[in-house]
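These protein sequence lines are chains A and B, in that order.
Position 25, counted from 1, in the first sequence is what our numbering calls 79; the numbers after and before it change by one each time, with no gaps.
Position 122, counted from 1, in the second sequence is what our numbering calls 129; the numbers after and before it change by one each time, with no gaps.
The set of hints was computed from the structure by calculation and includes no laboratory data.
No experiment lies behind these values; they were computed from the predicted model shown.
It is possible that some hints are incorrect.
In silico lysine to aspartate or glutamate, EDC-like type, Cα no more than 20 Å apart, as pairs [stated by the list, open to error]:
(1) B:K665 / B:E138
(2) B:K262 / B:E69
(3) B:K112 / A:D88
(4) B:K112 / A:D83
(5) B:K546 / B:D506
(6) B:K218 / B:E229
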Amino acid sequence: MSASRQQIRFTVNGREAVISAYPMARLLDVLRNDLALTGTKEGCGEGECGSCSVLLDGELVNSCLVPVLQVDGADVQTVEGFATEALHPVQKAFLECGGAQCGICTPGMIVATVNLLRNHPKPTMEQIREGLNGNLCRCTGYTRIFEAVRSAAEQVPAEALERPARAKESSR
Amino acid sequence: MSQRVVGVSVPRKEGAPKVTGTAQYVDDLSFEGMIYGATVRSTIARGRITRIEFGDNIPWDEFVIVTAKDVPGKNVVSLITDDQPILAEIQINHPEEPILLLAHKDRHLLPLAVAAVKIEYDELPSIHSIEDSERCKEVVWGTDNIFKTYTIDKGNVDEVWKDAAWIVEGEYTTGAQEQLYIENNGVIAQWSEQDGVTVWGSMQCPFYVHKALIALTGLPAEKVRVLQTETGGAFGGKEDYPSIIAGHAVLLAKKAGVPVKIVYDRMEDMAATTKRHPSRTRHRTAVDKDGRLLGAEIEFVIDGGAYATLSPVVLSRGTIHAGGPYYWPSIRVKSKAVATNTPPHGAFRGFGAPQSLFALERHMDYIARSIGLAPDEFRRKNLLRPGQTTATAQEIREPIDMQHLLDRALELSDYYAKMARFAKANANGSKKKGLGIAAFLHGAGFTGSGERYLNALVGVEANARGDVRVLVSSTEFGQGTNTILCQIAAETLDLEYDDVSMAPIDTHVVPNSGPTVASRTAMIIGKLVQTAAIEMRQKLVDAGLLGEDTGREVFRAACSEYTQTIGRLNGCGRYQAPPNVYWDDAKYMGEAYPAFGWAVYVAEVTVDTTTYSVTVDDFVALQEVGRVLHPVLAAGQIEGGVAQGIGYALYEKVIWSKGRMMNNQMTNYIMPTSQDVPPIRVYFEEIPYTYGPYGAKGIGELPMDGPAPAILNAVVAATGTEFRSIPLLPEDIFTALAASREEHGVAV
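Only chain A is shown next, with the shape it has when bound in the complex:
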């Protein structure tokens, strides 16, 4: 933290963000404290639990392990980016199938599920297990999360999985 603050510019959920932060500040803290995006949660602070999962240029990352300097010019998607007016189909599936209990892992699970479905629109059980193995849930035993993913895979229209238009440009 000894280096001085730097101006960092990136896209969050399709909108431009400009912040002044220590370069080694965690992306997680910047999202939660500077940008008030508290949907991204801290569970372990060491990249084990996945509660802080976000998409960084479309890649699933643990935001507790990402120094904010690394997102300069990048595109970040958090759970807040998915529900616009109505619930995103993945969020709807989690709600209907009982994929959320205490809810603290849920934002990370939803981000991870969107990522999984982008890579495997019709995932097998093994792909689901593997796609979510970086996201820990202590409540559900995962069973209903698997069901939510399967249900979402059946219902989700392709465009709901697309990355925001701006994001596609910026990552090119």
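Please arrange chain B on chain A, whose structure you already have, making use of the hints.
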């Protein structure tokens, strides 16, 4: 009885905010002027503080510093026994014991400041095992290290041994288990001369925190206000501990004059907060020539850690469940909770029962093997039937058919065919497969006279528009409290689910419906919500505003009329014990629980004798919990409990060094991931329970009891080697299999 709302899987009440990330957990809240608190903790297990020094390079004048001297009321964590200080003064009794509190506006400065406080001690010898505590190697609590003992003595155990065809003995142990809720403990406290103290936090039992803060601050009850924030998992881990962290935040807030937030990071939460009690159980069992149980002596001991906290109550539940779902003509259970210099162990789903039931269900398999009966056959001869009595001489009045549960679970798991197939296949190849059974029960509600003492009160109210609110202190932390209580109120009032909401959990707003523990919310609180709703509805009927014809519109019009002409519209429900319930606290005999949940679980495992790893391939969880209020939530409770049970059995090992947890990280304390859980197949038998709401009983803890013994029994079936301790890690299997190969003269 046809129901519209109860028994239907309506959406979770607070589900939308949870899936969109807008639900507000304590760390998501921020107040004007708020600063951050941190805790300086002991680095030794036992001793006396001789000197505290504040190191260089920290701007100490910017910090708020609190010591035991700043406690305005009593320096205790008020719960059952006033033996635990909120901050240590001189004496240290366990590692991570809180000594000093620091607060600063810069969150990042706090870890540096905590590290800069140097504390010197006169160290004293400490004890860290049940055995050292029993033999009073050091006396670290009271005069004999014993927090509590119980004896259950049914029939005449001393007479059974002479008639026994077999006497089978075994000793079983279980390790500590971390609750590992994904949201760490956290609170925000605010203090003002005018309003007193207000605390927002992640918790199960707001009125426990309320009570503790009254003792700590010396303030009157109305000047202490506790609000629950969205709580990211608890499992018992936020039953008693929030009283400590809330007390700390309150002390800092009083001195700082601004709101103070304390949120632990994962390492602090794992090292400093409660875990499931480690246990040791010894069984000595007499069986007749036909395989019927004649009697048993069971000695059950739990390690309570350094202070009493909830250990007497955990011990009670473990003791009562030690005999399981079997008929014992004679049984003696002697139990004790002992002190060690470890952070106090506490509540964790199951609350003592998973420990004693692990021992029992492992022992039942061992007896079966010892006397030449199949595990299912031996159980079949001894399972409780209606009209028979439990270990505390409680008569089974529910029409439960455990034989049928056993039959159905075996059928669902294809038990006989698979056992035969595995027996052949296991002879060759390095991967050994096996199936294991656990039959068990779990008492719902507080033990014995507990519910009478708690005297829970709940409220239901309606405004002029006919919007209904449920007022309880029963909290939501994932189990579905909000949803099922709203379902029950809606069903009772002939309304829609959306017409009912929950009042915020705020001790200034809601009555004390008791703690959210002990599988009591659905059965006890649910029933009181129903009672309160009936009372409120009756007020409308008595006022001539509601007749036979009901429904949303009629109800709304009636509420509007009632509130304008008569006044406030509400109803309340106060706990009343079911009839014919008698409990003798001195003899530990009688109706231990208003009702039990019953279950038979079957685990299928593969033991890889090359890597010594165990995988659970299939899991059948069949239970009877009365009527199911919400099929999706109920199944979710079972699946989650089974996954925690798999962790308890196979992964989750706390590594201790002189009372300190050494693997206090998710990196090296391993809980099940999405790749570790088998298909968990959940089935319910539904026998409506007369005294529960719409026939429901408790459900939350039951699924924690069965998985560990079922899995270990399956491992024993697969390997032919007895394992008597959990967690069972690959290195334990390696050691045992290597020893057995050596014994049989096979090269390892």
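Violated hints - listed by number, lowest first: The structure conflicts with no hint, since it agrees with every one listed earlier.
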